[in-house]
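If you read the sequences in order, they're chains A, B, C, D, E, F, G, H, I and J. Position 66 (the first sequence) corresponds to 66 in my numbering; numbering is contiguous. Position 70 (the second sequence) corresponds to 70 in my numbering; numbering is contiguous. Position 69 (the third sequence) corresponds to 69 in my numbering; numbering is contiguous. Position 56 (the fourth sequence) corresponds to 56 in my numbering; numbering is contiguous. Position 66 (the fifth sequence) corresponds to 66 in my numbering; numbering is contiguous. Position 17 (the sixth sequence) corresponds to 17 in my numbering; numbering is contiguous. Position 84 (the seventh sequence) corresponds to 84 in my numbering; numbering is contiguous. Position 19 (the eighth sequence) corresponds to 19 in my numbering; numbering is contiguous. Position 108 (the ninth sequence) corresponds to 108 in my numbering; numbering is contiguous. Position 77 (the tenth sequence) corresponds to 77 in my numbering; numbering is contiguous.
One or more hints might be untrue.
Unchecked claim - If we take Cβ atoms under 10 Å as the criterion, some of the chain A residues that face chain J in the derived model are:
1) Ala11
2) His20
3) Ile21
Simulated from the structure, these hints should not be mistaken for laboratory data. Note that the structure is predicted; figures quoted are calculated from it, not measured. The beta carbon of each residue, even a glycine, is placed where N, CA and C say it ideally should be.
Protein chains: 10
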Amino acid sequence: MNKIETFPNPAAGRNYEITHINPEFTSVCPITGLPDFGTITIRYIPDEICLELKSLKYYFMEYRNEGIFYEAVTNKILDDLVEACKPLQMEIISQWTARGGMNSIIKVNYLKKD
Amino acid sequence: MNKIETFPNPAAGRNYEITHINPEFTSVCPITGLPDFGTITIRYIPDEICLELKSLKYYFMEYRNEGIFYEAVTNKILDDLVEACKPLQMEIISQWTARGGMNSIIKVNYLKKD
Amino acid sequence: MNKIETFPNPAAGRNYEITHINPEFTSVCPITGLPDFGTITIRYIPDEICLELKSLKYYFMEYRNEGIFYEAVTNKILDDLVEACKPLQMEIISQWTARGGMNSIIKVNYLKKD
Amino acid sequence: MNKIETFPNPAAGRNYEITHINPEFTSVCPITGLPDFGTITIRYIPDEICLELKSLKYYFMEYRNEGIFYEAVTNKILDDLVEACKPLQMEIISQWTARGGMNSIIKVNYLKKD
Amino acid sequence: MNKIETFPNPAAGRNYEITHINPEFTSVCPITGLPDFGTITIRYIPDEICLELKSLKYYFMEYRNEGIFYEAVTNKILDDLVEACKPLQMEIISQWTARGGMNSIIKVNYLKKD
Amino acid sequence: MNKIETFPNPAAGRNYEITHINPEFTSVCPITGLPDFGTITIRYIPDEICLELKSLKYYFMEYRNEGIFYEAVTNKILDDLVEACKPLQMEIISQWTARGGMNSIIKVNYLKKD
Amino acid sequence: MNKIETFPNPAAGRNYEITHINPEFTSVCPITGLPDFGTITIRYIPDEICLELKSLKYYFMEYRNEGIFYEAVTNKILDDLVEACKPLQMEIISQWTARGGMNSIIKVNYLKKD
Amino acid sequence: MNKIETFPNPAAGRNYEITHINPEFTSVCPITGLPDFGTITIRYIPDEICLELKSLKYYFMEYRNEGIFYEAVTNKILDDLVEACKPLQMEIISQWTARGGMNSIIKVNYLKKD
Amino acid sequence: MNKIETFPNPAAGRNYEITHINPEFTSVCPITGLPDFGTITIRYIPDEICLELKSLKYYFMEYRNEGIFYEAVTNKILDDLVEACKPLQMEIISQWTARGGMNSIIKVNYLKKD
Amino acid sequence: MNKIETFPNPAAGRNYEITHINPEFTSVCPITGLPDFGTITIRYIPDEICLELKSLKYYFMEYRNEGIFYEAVTNKILDDLVEACKPLQMEIISQWTARGGMNSIIKVNYLKKD
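Make a model of the complete structure from these sequences and hints.
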């Protein structure tokens, strides 16, 4: 996988919130092989380092032809990004376009332990 | 009734929230025999297993010609889905199109006892 | 006045929330004699009995030619419906179309005492 | 019925368009006795005289307790207002809130013959 | 099939437009057996008779469990309603919720020949 | 200044919330002499008396040609209305149309001391 | 009255369309003395000269305390602006906030004669 | 490429309009290799045969990893679909999400020659 | 100025419409020195060549610190782009954020002479 | 840098909230040199002094040609404005238009220490 780049938090020591919204996420359903489309929201409180926006875009593009379920991909993104930037808190929300007439939303949270 | 399928929670042990929204629910008014139309929202925190989306669709389709009141169907969906996936928490919201010029919304919650 | 019909709560013993929204309420201003138009929202947690939707519609229609102020009618609806279904909690919200260029909203709550 | 007041067209001789929109029209269904709610739009090109807004409001209020069908009331309003102000052209549009889950719109036009 | 009721046009001789919108239409896909959901719009210029709204509702309800394609049902509704009320002009528009991520709209017109 | 009229609270003893929204407020910038336009929201819990809507309209009209800053007028309205009706709680929100490409919102609260 | 300033059309000889929208127009009802609020749209094809935006703003401000009817003020603005810039075509649209629950729109056109 | 399936027009001989909207189209920019996302609208008047919806979905999926420009892909879809169903008329509209802060729309038409 | 790049029309000989929308245009008012913000829409029918999107972005960026009036900049963009790609038709629309409480829109057209 | 002007709080001693929203902020990406566009929201509880709106506008204009990252500029605005008006609390929110298909939001808070 592409490396997720980071940069030093320009206001380390101050608690503040960064949100990145990607309305152009796409992966593939592992059962039907059909494409899934969704919006991924990353919301986090950085500690020492921040996520670099461009490498984040390339990271998301790697799912384009990968077969993975809604619940699994949302948890995997959280794990990958927590590992990349070691934030104080992080939330990942994935909102999916309708399949079989139904819309799904998955919300996962991480809170750094003291 | 169709069996509601489930699959193992890919992130068991982590508390996170799954929402499925079905804007195409329809049942029948038990008094007038006229069709009712609504949006059903399922929001839950899974424990060991998750609800499988496709079987959920077939489960909802079984109400298509069944006569049942707003309050009753919302409570019954909660009972059926809690039994199917034994979640830590679950909320069912049903929002109905206007009948006699009035819109109704029913919200029911389940919280697993320790 | 028409009697407000009720029916037994199909899930008595479980705390859940029922909302009925009537966007077609109309009464008359007691000073000018001009019609008022508003949306009435009823939100309640039923105890033993629920409000029957059709009789509710007829109940609201009785205000059509009655002269009554915004504040008074909102409080009266709460009193009448609490008496009719003896809920655990109830909230009435009335939102009125502009009069003299100004919109009004009245929000009244009831909480059953133990 | 209340007389519909008029006033001399302040720009007689110039063709221009006047629109009045009443989103608070209500009448009664002649079959069920239940209230109907709609938005009435009047669009006209005045000739010698214009419709006075306040008397128009009182004119509409006279339908409040009158039993009349959608198609009939829309045509009657056109006839009454054409008679009142003798315009060069007039269009009446009535848009009704849902009854039995269906919305209706009626559009009627008048064009003065030379 | 239920008979579509009609009533005499209250303004026969005047060309005007009537629109009825049914956002709660549902039929069944003849291949998959899955329900389809759509909004049906009827727009017509009546000649001698008008469509009665309540029987129209019952007419639409007969498609609830019938397997029929988008293109076919839209053309059939036009044929049935033209036969029922013999209008000067009629247009039927069906707008369908997404299937396989795609939305469809069908627009069919009828013009009485002189 | 015009007197702000009041009337006895029809449900004195019950805590409930009244909101009046005036989207047509206008005053004058004391520096440039140019008009300012805003929406004023009054939200309060009445004690013994309520604000009368019509006199409120006349009260707001007195600012039409008065030069006063955003922050000052919002605080003054709170002071005047608290004095007029002695509520248990009151909040005034003023939302202003863009000046120099920027929008402003001022929110002031009053809480009666025991 | 303030003079409406103009400047030479930078593309004289080419037919093109300029629109200015003023959502903050206010005048006074000549009967009740109450303020009216509206949006004024000016759309024109310039000939030799264009309307200068700032002096237009001051021109509109002169109506702030003037008693004038909807129909009259819309026609007067057209006459004044045609005189000021002698356009090839001009349209004035005034859209007014609700009075007595009714909204009004006035549309007036000018076409230069050859 | 996948074959685009068709079926006989159920109302051949009557001119009517079919629209299919695919808000989930994605292809790849041939220069940067980055994904493009767009909505494709197909609007056509069928002659003897209609486009089958499911094979259309598979046809669109073939662009998922193909490098092709906005203008080229819109023209190619028109050519392919005209060849597949030989319609009387067809229009393809592609609307693309922002790239470099700019949105693009391409509209191509086909009209059968007599 | 940066050169506006072009590329050969991939469907030369077929009349079709290309639209590019730039919601992030900014220039400077030549009188006050304050920044202006607007949305520029380019709609054209290409002849032999098309506008390349990236160089268009750089072309627009050159106005960032340039003092120029609404009417002048809209006409200049039309002239520059017509010269760059020699289209069959072109329309430029500029829509500007409010200045002094007023919004402006300029629409300019070009039609190739035979 | 331009000095940020202030004026004495007209209601010093009362805790209330002031919000200024600038939807026309623009700076430059320090890596690509391309312009960034965003909306800056300032929400604060003043202590002794308030921010003067016009000098705030000039303060924001100084970023027009400055290369600075999203996270850095949001923190810098907070620092500068806290220093300028020494508020009891302040929050800065920056919301940015899409870059590479992704939107970002940064939220920073300041709370005066006792």
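Each hint tested on the structure:
Residue-level restraint check for alanine 11 of chain A holds (minimum Cβ-Cβ distance to chain J is 4 Å; threshold 10 Å). Because the closest C-beta pair between histidine 20 of chain A and chain J is about 5 Å apart, less than 10 Å, the hint holds. Evaluation of the isoleucine 21 of chain A hint against chain J yields a held restraint, the C-beta minimum of about 4 Å falling below 10 Å.
Going through the hint list in order, the structure satisfies each hint without exception.
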